[in-house]
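Participant: Sequence:
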Amino acid sequence: MKLLKSIPLLGWIVLAIVAGILLGPVMPLWLGSTFLTYNSIFSGILGFVVPLIIFGLVAPAIAELGKGAGKWLGLTAVVAYGSTFAAGLLAYFTSIWLFSGPLAGGGVEAITEGEGSGFEPFVTLTASASDSATAIVLEPVFGVMTALVLAFMVGVGITSFHSKVLFRGVVEFRAIIEGVIRRIIVPALPLFIFGIFLDLSASGSAVVVIQKFLLVAVVSFALTLVVLLLQYTIAGSMNKQNPFKALWNMRDAYFTALGTSSSAATIPVTLASTKKNKVADSVAGFVVPLCATIHLSGSMVKITCFSIAVLLLTGGDVSFGSYLPFILMLGVMMIAAPGVPGGAIAAAAGLLQQMLGFGEVEVGLMFAAYIALDSFGTATNVTGDGAIAMIMNKLTRGKLGVQAQDPSDESVELLEGQKPSHLLGE
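Counting in this note's numbering, the sequence shown runs from 7 upward without gaps.
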């Protein structure tokens with residue numbers, strides 16, 4: 007039992023994929039249908055929880071970002087968002103260029119249409135009324151976009167009116183949501199992914215999907231390195247520093263993040279590495295912890311690459327006009343990534359379903375692919391924070407004047423001695 011608890015989530019995901027591929031062709035129909043019943047129930051619960059995840063994470067994140075160093079907080083947020091958005095554009099155009107031929111129209115299209123394996127769930131959990139006698143309706147409290155707009159309204163309202171009660175409420179609700187992700191959704195993921203690959207394997211599509219996703223994994227990893235080179239080229243040119251030397255100075259932060267898969271756990275190392283690039287202590291001390299929350303260019307690259315791959319495999323629409331709004335909204339969602347492995351993709355699941363039309367199979371593939379490269383995305387996020395700090399150091403001339411909290415602000419006491427619970431990783 008102790009050995010089982012020591013296996014990381016990635017290990018369970020790998021075991022689930024391998025077991026699903028091996029057992030799919032020999033799985034009895036009744037047992038395979040049992041696993042698909044589990045998947046249907048999990049998918050229904052996830053659909054119910056996703057809008058709550060969006061509201062529970064975004065609202066307090068906006069409320070907390072409303073406090074800080076005045077105009078410099080806003081400027082840092084704009085630079086970080088621009089970097090994340092640019093990474094998404096780079097990933098999109100590269101994916102279209104490299105994946106359109108090898109991945110277009112093959113792999114999981116038959117499965118998403120409900121054909122191929124012969125497995126059928128005994129009970130389905132749906133978000134709307136169905137004619138099926140086995141369907142159980144579980145409607146979300148509100149839609150994904152409603153949750154996002156409501157989160158912005160509440161978050162900005164808390165910042166504007168310094169509401170102590172609302173601030174405490176959204177922070178405590180975030181703790182509940184993080185508990186749901188950490189204790190229910192994440193532990194249930196391996197069996198969900200097992201069911202996905204069991205179904206794919208029984209239909210003969212699993213090997214094709216794995217082969218094609220290996221290409222996506224290699225490309226997404228290479229893109230994270232390209233993103234870092236571009237970030238440090240810009241930061242180096244602004245500060246008249248060698249970008250390669252500046253990037254090399256961040257090596258400790260990169261490799262520490264590879265081991266921890268957590269931006270927050272790496273903050274001390276990131277700070278020390280950033281200061282090697284002649285960034286003032288006040289600037290580094292302000293920018294690095296902030297960007298651990300709002301700058302997730304590595305995560306953006308992973309989600310963009312794999313979502314484009316899934317759309318191509320399933321024959322979805324990958325035109326720039328239809329995909330651009332997703333990149334814009336995903337950049338906003340990245341500010342609220344909770345501190346558990348796979349937390350960013352859990353927060354983005356609603357956008358994948360609402361804006362890209364992803365279903366149960368596609369979401370399962372996204373979870374598996376994202377978690378497999380989680381540490382590399384985090385390492386890119388952390389290392390990129392150093393580039394943002396260099397840019398801000400130039401813009402502020404190394405003299406970032408952090409404004410003190412207003413003693414009359416009733417919500418200050420809630421923050422004293424506390425560290426925002428979502429600054430724990432991606």
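Treat each hint with caution, since some may be false.
Only pairs whose alpha carbons sit at most 20 Å apart, straight line, appear in this in silico SDA-like list of lysine to any residue [stated by the list, open to error]: (1) Lys-400 - Lys-218; (2) Lys-282 - Asp-323; (3) Lys-218 - Asp-323; (4) Lys-400 - Gly-88.
No lab work stands behind these hints, which were simulated from the structure alone.
Participant: Evaluate each hint against the coordinates.
Facilitator: Structure-based check of all given hints:
At roughly 43 Å between alpha-carbon atoms, Lys-400 and Lys-218 are farther apart than 20 Å, so this suggested pair is violated. With a C-alpha separation of about 45 Å, the suggested pair Lys-282 and Asp-323 falls outside the 20 Å cut-off, and the hint is violated. For the hint linking Lys-218 to Asp-323, the alpha-carbon distance of about 19 Å falls within 20 Å, and the restraint holds. Distance check on the hinted pair: Lys-400 and Gly-88 sit about 17 Å apart at the alpha-carbon level, within 20 Å; holds.
Checked against the numbered hints given earlier, the structure breaks hints 1 and 2 and satisfies all the rest.
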